[in-house]
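Peer 1: So the sequence shown is numbered by the numbering used here: it starts at 786 and just counts up by one.
None of the hints are false.
Below, a list of computed lysine-lysine pairs in the DSSO-like style, where the Cα atoms sit at most 27 Å apart:
1) Lys831 to Lys906
2) Lys812 to Lys846
3) Lys846 to Lys914
4) Lys906 to Lys885
Think of the hints as simulated: they come from the structure by calculation, not from any bench.
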Amino acid sequence: MNSLENTSDFKDTLYNEALKINIELNKNQLEKFELYKNMLVEWNKKINLTAITDDYAVIMKHFIDCLEIVKYINEDKNIIDVGTGAGFPGIVIAIYFENKVNITLLDSLNKRLEFLEEVKKNLSLNNIKLVHARAEEYAHNEEYREMFDIVVSRAVAPLNILLEYDIPYINKGGKALLLKGSNVNNEVEEAKNVFGILNCKLECIKEYNYLYNNEQYTRNILIINKYDNCPIKYPRNYGKIKKSPLK
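The whole structure should be built from the sequences, with the hints applied where relevant.
Peer 2: In structure tokens:
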């Protein structure tokens, strides 16, 4: 499908596609999603934010994909999006909850954070804080280590590596919501011992599907519970993580 012809087409399509996954977006949310989309496409001409710029593709592969995660988040939670990139899923969560959750967006590339700062300002997302840092380093900062109710990540790293990045950020009793593709079972198998090392447990895998250009895409959300504090040595530095991923 080509780009939608006008602003009402974009908002109507997003509204209807969200209804299909049992999410009803209000006028304010729809307007912010459209503005976010416009900024994403415009900034993408200057810096590499996404390979997906067609209106309908943005709706399905970014917005609908990320909206699935809000079903597992309650209001008044303190959330961190590790490796947020262009703001997925953190900005989507922020728009949906309309200042009813607090979200920290962490990324290692300053240019992406400059984009997100503009998104924050233009969409009046006062519930967002931006952090320029490497995930494995900032997890040892006492202001951030084990200080969040929920950690989210999308398309960051294989699960055994991602767990080492993410789990140290959430408090005991908190959870990780990780968006993964169709290869999730293989990733879980490779990470089966890592859960215990980091004192967390896979609660369940929520599979969902959506159609795009008559092709079905299978996606998954891993819900992981943290039952005790992480050993202080994790996460290790980047070189060690890359050379010897946890297994």
